[in-house]
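Protein sequence lines correspond, in order, to chains B and H. Each residue of the first sequence is one higher than the one before, starting from 1 at the first, in the numbering used here. Each residue of the second sequence is one higher than the one before, starting from 372 at the first, in the numbering used here.
Simulated from the structure, these hints should not be mistaken for laboratory data. Check each hint, because a few of them may be wrong.
[Claimed, not checked] Pair ranges (Cβ atoms, derived): (1) B:V215 with H:R438: 53 to 59 Å; (2) H:D446 with B:A265: 32 to 38 Å; (3) B:D334 with H:L437: 53 to 59 Å; (4) B:R321 with H:R489: 52 to 58 Å; (5) H:Q456 with B:R286: 37 to 43 Å.
[Unchecked claim] If we take Cβ atoms under 10 Å as the criterion, some of the chain H residues that face chain B in the derived model are: (6) S377; (7) L379; (8) A392; (9) A393; (10) V395; (11) R396; (12) Q397; (13) I398; (14) L399; (15) R400; (16) R448; (17) V466; (18) G468; (19) L469; (20) R471.
The beta carbon of each residue, even a glycine, is placed where N, CA and C say it ideally should be.
Residue strings, one per chain:
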Amino acid sequence: MKRTPQRSLLLLSLLALVWGGALAILAGLGASFALLLTAWGAGAALLVSLAFYLGLSFRLDLLQVQQALHEAVTKPEATAQLESSLTAFWQPLIDAASAARLPVEAAAREKAQMNAQFAVQTAAQTAAQLAALQSALDAERTQGSAWQRQAAQAQAELGLLRQQAQETARTLERAEAAQAALAALPPLPEPTRHELGAMAHERQAALAELKSVVVSLTAEVQKQSGLLATQQRRAEQLAQSAEALTLLGLNLRLQLSHLAASATADAAVIEQTEADLDALLGAAARQAGEAAVAPVPSERPAGQTPRADAPGDAPSQMLARLRDVTAQIDAITDAATQQDERMASLHRQWTQWHLAAQGACQAIAQAARKT
Amino acid sequence: MNRATSWLQFRVGEQFHALEAAPVRQILRSPNLLSLPASQRLPCCAGMLAWQGRPLLVLDLGACLLRRPSLSAGDARFLVWTQAQHAGVLAVDEVGGLLRLSATTLTRHWAPARPGLRPPWNAIRGLLHAGAPSLAGPAELEPADPIAVFDVAALWQSCWNLAGERR
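Take these sequences, add in the hints, and give me the full structure.
Right, here's the structure in full:
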């Protein structure tokens, strides 16, 4: 039988009745006072101890009920075991507490569900915000890199502009220096040009006069050369005649020697004839030798160089020299003409270049100043 | 040799020689020569020459003596010689004058050649050395130059034999 508060109170009441009845019995029986006091003291002590015990057990039951209520919330599966250890006296309290706790739990669950939904929504919103923030951060980074590139490009353009500015400054300095140099240049030598033209005319006239002289001299030498060639042909014919005469004389001399060898020949006459013939041969040989001193150019052996003092070669050499001189005069005239033309062209180019350089320097200086 | 002997001077290359004038019949210049077959292989045989109705063989003395043809100079002289039944023509570079020396002079300036010379130089009969007076006017001989005097028939035969050997 389980202990309940009612039963405990009933037990205490029964024991008090038993104690009072026992005392009444003893007092009726005339028991001594000491005995009565002892019985009263023992009975009172026993009741007080029992009351104290019951109070403690009641306190223990309240603690168990409180634990059961608490476990009903936290561990519903362990509630039945705990309730089995309690008496039914406490069950209504437990049920009432459970009944009162259900709406609270529902509210708590609803609140928890709402809190969970709110947390989910909050997490989604946070994630969306984070994604937006991430995309914004990426965009910011992209924009930052673009800005960095633009900054680098701007830096490079700035450097280029600085370089251009420096170059422009240098160009301006050069243009100013060139302009100063051009300004310091002497004016175009117009008188010198006229003098050059006059000198060129004088030179051309002198060359023409020289050429006419050389041409007339060439004609004269050709004429003399023709005469000399005629004389040379005659001399050649004479030399050939002398040679033929020498050969004839030598053959005659041979025949005379043969005749002198005969016994019937008149030795004195033959010797006189041989002497006359030897004199004739000597004269012919000398003439042939003199003619051989000036050989005809056509008969000159190959490889033999013409003698400088040969009268037959002098006109041809002089003609060759005159032709060379004429060719040299023509070449000099052509060269002088080309040089005059080149000088005139250079003068024109110099003038054009001077004007163009001045204009270019001024334009460069103006452009550099504008820059 | 009481009578004077005549020699005809001639030049071959840079050498002046002479041969006895008695066999020489005529000196020709630029005659018509008939070339022989294969004359390129026989430089000594210059060709054939018609002289007084007789065909004569022309030997180039420059080619025989100095291996340098006299006909190559273009102004050669042709010496026609006859002796007994033999006749021929020798082509030389140039012909000088006649040398006629008396027997007395000849004994002073004559040096006979020693035998044993190689042909055609074995045709040399002797040397006229320095100091030999020239009787002919146009003879151009330096007094210090010795002149080899050839026998024309022997020279001809030696040249002919030499041409045959080279053939």
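Original post:
Lying within 32 to 38 Å: is that true of the beta-carbon distance D446 (chain H) to A265 (chain B)?
Top reply: holds (34 Å)
Original post:
Can L379 (chain H) be said to touch chain B, with a Cβ gap under 10 Å?
Top reply: holds (7 Å)
**OP:** Using the Cβ atoms, figure out if D334 (chain B) sits within 53 to 59 Å of L437 (chain H).
**Re:** Roughly 56 Å apart at Cβ, these two residues keep to the hinted range, so it holds.
**OP:** Hold the hint about R448 (chain H) up to the distance rule: shortest CB distance to chain B must be less than 10 Å.
**Re:** holds (8 Å)
**OP:** Under 10 Å, Cβ to Cβ, is where R400 (chain H) needs to be relative to chain B, so tell me if that hint holds or is violated.
**Re:** Holds, about 6 Å.
Subject >> chain B contact restraint for R396 (chain H) - C-beta distance below 10 Å >> reply: R396 (chain H) check passes; min Cβ-Cβ to chain B is 7 Å, inside 10 Å.
Original post:
Should the hint that L399 (chain H) touches chain B count as held when the rule is a Cβ pair under 10 Å?
Top reply: holds (8 Å)
Subject >> Distance restraint evaluation - Q456 (chain H), R286 (chain B), Cβ atoms, bounds 37 to 43 Å >> reply: holds (40 Å)
Original post:
Does the hinted range 53 to 59 Å hold for V215 (chain B) and R438 (chain H) at CB?
Top reply: holds (54 Å)
**OP:** With chain B as the partner, please determine if A392 (chain H) meets the hint condition of a C-beta pair closer than 10 Å.
**Re:** holds (5 Å)
Subject >> Cut-off 10 Å, beta-carbon criterion: hint that S377 (chain H) touches chain B >> reply: holds (5 Å)
Subject >> chain B contact restraint for A393 (chain H) - C-beta distance below 10 Å >> reply: OK, holds: A393 (chain H) within 10 Å of chain B, min 6 Å.
Every hint, counting from the list given before, is met by this structure.
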